[in-house]
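*Asks:* Here is how the chains run, residue by residue.
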Amino acid sequence: MFEPQIMSFLCKWCTSAAADLAGTSRLHYAPNPVNLRVMCSSRVDPQHILYAFKEGADGVFIGGCHPGDCHYVEGNYKTLRRVTLFKRMLDDLGIDSRRLRLEWISAAEGKKYAQVMDEFTEQIRGLGPLQLNENALMKEEEKDE
Amino acid sequence: MRVKLKAGPEVRKFIERVEELSGENVYACYQCGRCSAGCPVASEMDVLPNQVIRLVQMGLAEDVLHSKTLFLCASCFTCQSRCPKGIDMARVMEAVRHLLDPKGADAFGPGEIPPDLANELPQQVMVALCRKFSK
Amino acid sequence: MKVHYYPGCTLKEKTTALDVSTREAMKCLDIELVEPEGWTCCGAEYPLTEEKIVGLAAPLRVLRQVREENGDFVITTCSFCYAVLKRANKAIKDDPLKHKRVNAYLRDDIKINALTKEKTTGFEDYNGEVRVLHLLEYLRDHVGYQKIRSRLKRPFGGLPIAAYYGCRLLRPAKDMDLGEPDDPRLFEEFLEAVGATPVDYPFKQECCGSYLSVSLPDAATEASYRVLRSARSNGAAAITVTCPLCFYNMDRRQDKIKEAFLDFPGLPVLFFTQILAWALGVEKTVLGLNQHAVPADDLFRDAPAPEVTL
Amino acid sequence: MKGQKKTKRIGVFVCHCGVNIAGVVDVEKVAKTLTDYPGVAFSTNYIYVCSDPGQQMIIDTIKEKKLDGIIVAACSPTLHEKTFQEAARLAGLNPYQIEIANIREQDSWVHVDKDKATKKAVKIIKAHVEKAVRNESLEPIKVEVHRRALVIGGGISGIQAALDIADHGYEVLLVEKNPSIGGKMIQLSETFPTLDCSQCIMTPKMVEASRHPRIKLLTYHEVESVSGFVGNFKVRIKKKPRYVDAVLCNLCAECEKVCPQIVPDEFNMGLSFRKAIYMPFPQAVPGTYTLDAEHCLGLNPVRCGKCKDVCEKKAISYEMQETIFEEEVGAIVVATGYDLYSMQALGEYGGEKIPDVINGLEFERILSASGPTAGIIRRPSDGKVPKSVVFVQCSGSRDTEKHNPYCSKICCMYTAKHAMLYKHRVPDGQAIVFYIDVRTGGKAFDEFYQRTIEEDKVLYIRGKVSKIFKDGDKVVVWGVDTLTGKKVEVEADMVVLAMAMVKAEGVGDLLRKLKIQTDIHGWLAEAHPKLRPVESLNAGFYLAGCAHGPKDIPEAVAQASAAAAKVGDLFAQKELSHEPTVVPVDEDKCSGCAICITMCPYQARTLDTERGVVVVNEILCEGCGACAAACPSGAAQQRNQTDDQIFSMVTAMMKG
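Residue numbers (our numbering), protein chains in the order written: chain V, 606 to 750; chain X, 4 to 138; chain R, 669 to 978; chain L, 35 to 690.
Certain hints may be false.
Unchecked claim - Below, a list of computed lysine-lysine pairs in the DSS-like style, where the Cα atoms sit at most 30 Å apart:
#	chain 1	residue 1	chain 2	residue 2
1	L	K387	L	K348
2	L	K100	R	K842
3	L	K436	X	K88
4	V	K659	L	K42
5	R	K815	X	K16
6	L	K347	L	K387
7	V	K659	L	K66
8	V	K716	L	K549
9	L	K520	V	K716
10	L	K176	L	K153
11	L	K153	L	K100
12	V	K659	L	K623
13	R	K926	L	K157
14	X	K106	X	K9
15	V	K617	L	K436
16	X	K7	X	K71
17	V	K692	L	K157
18	L	K148	V	K617
19	R	K926	X	K16
20	V	K659	L	K549
21	R	K815	X	K71
22	L	K150	V	K617
23	L	K211	L	K157
24	L	K239	V	K659
25	L	K348	V	K716
26	L	K340	L	K268
27	R	K815	X	K106
28	V	K692	L	K520
29	V	K617	L	K504
30	V	K717	L	K585
31	R	K761	L	K387
32	R	K842	L	K564
33	X	K88	L	K387
34	R	K926	R	K720
If you're looking for bench data, these hints aren't it; they were derived computationally from the structure.
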């Protein structure tokens, strides 16, 4: 069975805390996502996402606080705007935008976190391994330089 | 008799149709009653304007569709201009009228204009009345 | 100067006083009124449900015709016509779906016309280009009160007159855009410009009963009574209207109001254009005063009005 | 990726946590795998790393193996990060060189497949090694604190905040734009739900503020501008000329008697008159007359000069000038209060044109024993005692369409109080309250409301009033009772509108000068709606009272005290210490595009227009990193979470 690699960026205040809660509640979920804790979901640069795909991620997950709950007031709104725009670009780059998922998961939602991880892993499993069009990606990287 | 509140697809469809036809969010109404307070003909109505929208919220289609109120509203928009939620009651009234049985009787058809008035009524009255209150 | 003018059906039939006085007054201001060719009824009621799009075709056909005649705007006096034309015009500007569907109707209409009139002009979508102006608005923004003041032959000498807006001129405010619906100024400014004194009274924007005078006469009688009584008790010598239906309810049916409310002594009802025409020097005989049920002759005295400082 | 410093020596400590981790993750295998990973100088596993022997092992190993960074692979960093940082400090290692790899909550506890969990642990630890080799040693940012506070606004909130801060032992400047402190509360008659007289409880506070040795009262002053940052603000304050020497004035009132200029009295909401030289109210603090230049005949002895001639103390001088001076403070409490929404906006309620339709504050003055009617309820038009009074709640509130969408919160209670006090004074009168909902959440509030109905027989009608108009000497109110479905009409003698509370008039300009954030209604925005309710987003600014949104007196006082306590927190430190994991600017890379400035909610970033680069006030930066993600050139890099670090962690996690 195909085991997708999932790169997960979690905000320190809400979603990472939810992941901890899932742990203390001993909820079992797919082991595929590997978590990188950032101070705020708005720290995640589209470049980080693209880089993760390039390094072998089949899916990228971003977890932030619910609207209105951001520790930094409005960071999650910035994330939402970025992700919405970036999803459009992903499709253009030949990466199915469903491979990128943004969710608001609060520190109390351990159960939701576990469910979303399972769901997302299954979804990516269904999409199959990411076939990167290296040329498209290279052009994108050149643009960044 | 106790009224049984239902939430099935039929009820939802009625509410959605009213919202669709009127372009108004009937759930925006918090029942302050200001539409009824300022309505020039509310005293003649069996169901007050705020009650019309309340009955729609509750999905009690029959009570609304059988109310005299639908044919008393003169679309003067006084309620609209003072509604704290910006709901255009006249549109809600018209949407509900629209949902009446199309084969049913006209509340007011051209034949009902009193003959003695026909010669003196402004044209706009006859056109407006028939547009509003007949099929 | 030629200006497009949409009189609407009532003005051509039952309420010619409004039409005639409008024309006479405009003549005094060197404005010639042109009616769009082949105009039809506006429909009297703006369709309030999203699905009655066909109701937009009649008013927009008229406006499209104005555009075809190279008109930038059209003026109306009847509040009902004004509301329907203005709202229909806004609707197709705001809503692409309505725009598409109404233009489909209009296109068919032109095809039929082409068959009968053997005229084959290409059809261009109507996009709401023509502005719809009420005569009050036109006087304020295009003619200017300054010009009206300079042409006054018989300034009203401060006669206290109550301006009555009724329903359609002001509401819904987001479509009509003639000022705060509960604190309007437009009509009062006009009265000041012709040398009358506008009377402030709390019923200027309340409903006169509208077409309920046919289907529920008692309710309309009471509604009109409240307006007339409020105007009178605040010192008005007359009340002035823009709408033939308001006129019908308050003037033609005033005998019924007096029957029902014995404390009401009566109040003349005037069209604002009669006031304007008279002030600009038009003779009383052409103002259509014979159409009034409540005698209003006395308000128009030929004796020179007292000097008014402007 | 570039810039890997492989010279660092990293130690890895994998914790068993009993069987919590070791039961699922093969800890020995993990530790062994890590031994060969680039940068790792030492790798081991231990049963309880957080235990005393475990910590001692870390300390010893750091010294022995000369480690300059360590990874503790154990439970969530929220539990023991501080513990291990402290251990590292004891071993002489900078705490910012410690990384916690969470292999318990986010691995062993949530997975059952041992092989997969072990592989995942390896990835997580490798990623943290990558981060650790790139970590900088950091020291908390320190800045000196000017332990002196500015309080803007001399209402109950400002007075309370000033008193509390002064009682903490710090000096306070209390700036009030009006001639006296007291604000809105001193205008009130009696306060709900206890009905104690507002002046009786307010006046002692005002006097206390004026006598406090550490409070410098600056009435008739306005804040002109603020620069600097938390702990180090420079404030320019304008002193408006009073034309009366407050020290010399002995309140003989001779000047007032001779002044020919009559002006509507603001304190009585225009229901009575004062002179151009006046004392706002008898208990005013400071107790002095003030000459209102706007209404004076011209500050000119040739034109008038009567007040100056009659003043025996020679306290009056027409030559006084406006002056501006600068003060240094470390914290600013904003307590600028509220105003009532203008009745002009409600044309359907007469738009201020009906004399007997008044707002709630006007009714407070009519109720007040020191008010224009000496506490006898008389209506403004003819002084008659009204026999029927209608109270209209939610006037301009809860209206998303034309007015204010929010609930003004206090009107339900003060309307109940108004109706009750009216019935106490006019027992044979009729009081009718039109309401939509009655909201009485508060200590002893609902009991008060119930008493109004049960004992004082006030009629509550559920429905919003549509129209109010004058008819003869009556005021007619058109409403509806939605409970019975009856359209109702009341011929009242007087109507009191519970007007919405809105931001204080003219406060927008001040807030712009302070560069302090507000919500869309102009109320001050708090740093966090739940967790930091009395702090502004802008460090060093604190919120008190109704400037932050509608609230009643106890809430305003509580918030003022909380703000003062927060100021105390700040001043308890000689130096401010701030997390150093902020986002500075690499000036070589910065193009001055200023995108990061728009990202920052804390105004920590500004554009140096001369040099064309962004400069960062590290004290204000909270380290969210939103700017770093937005920076197109990579000039904004978060300390110890640089793009380089994130990239290398991603590589380790995906390929490790």
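*Asks:* Broken hints, numbered, in rising order?
*Replies:* Hints 1, 2, 5, 6, 8, 9, 10, 13, 15, 19, 20, 21, 23, 24, 25, 26, 27, 28, 29, 30, 31, 32, 34 contradicted; others consistent.
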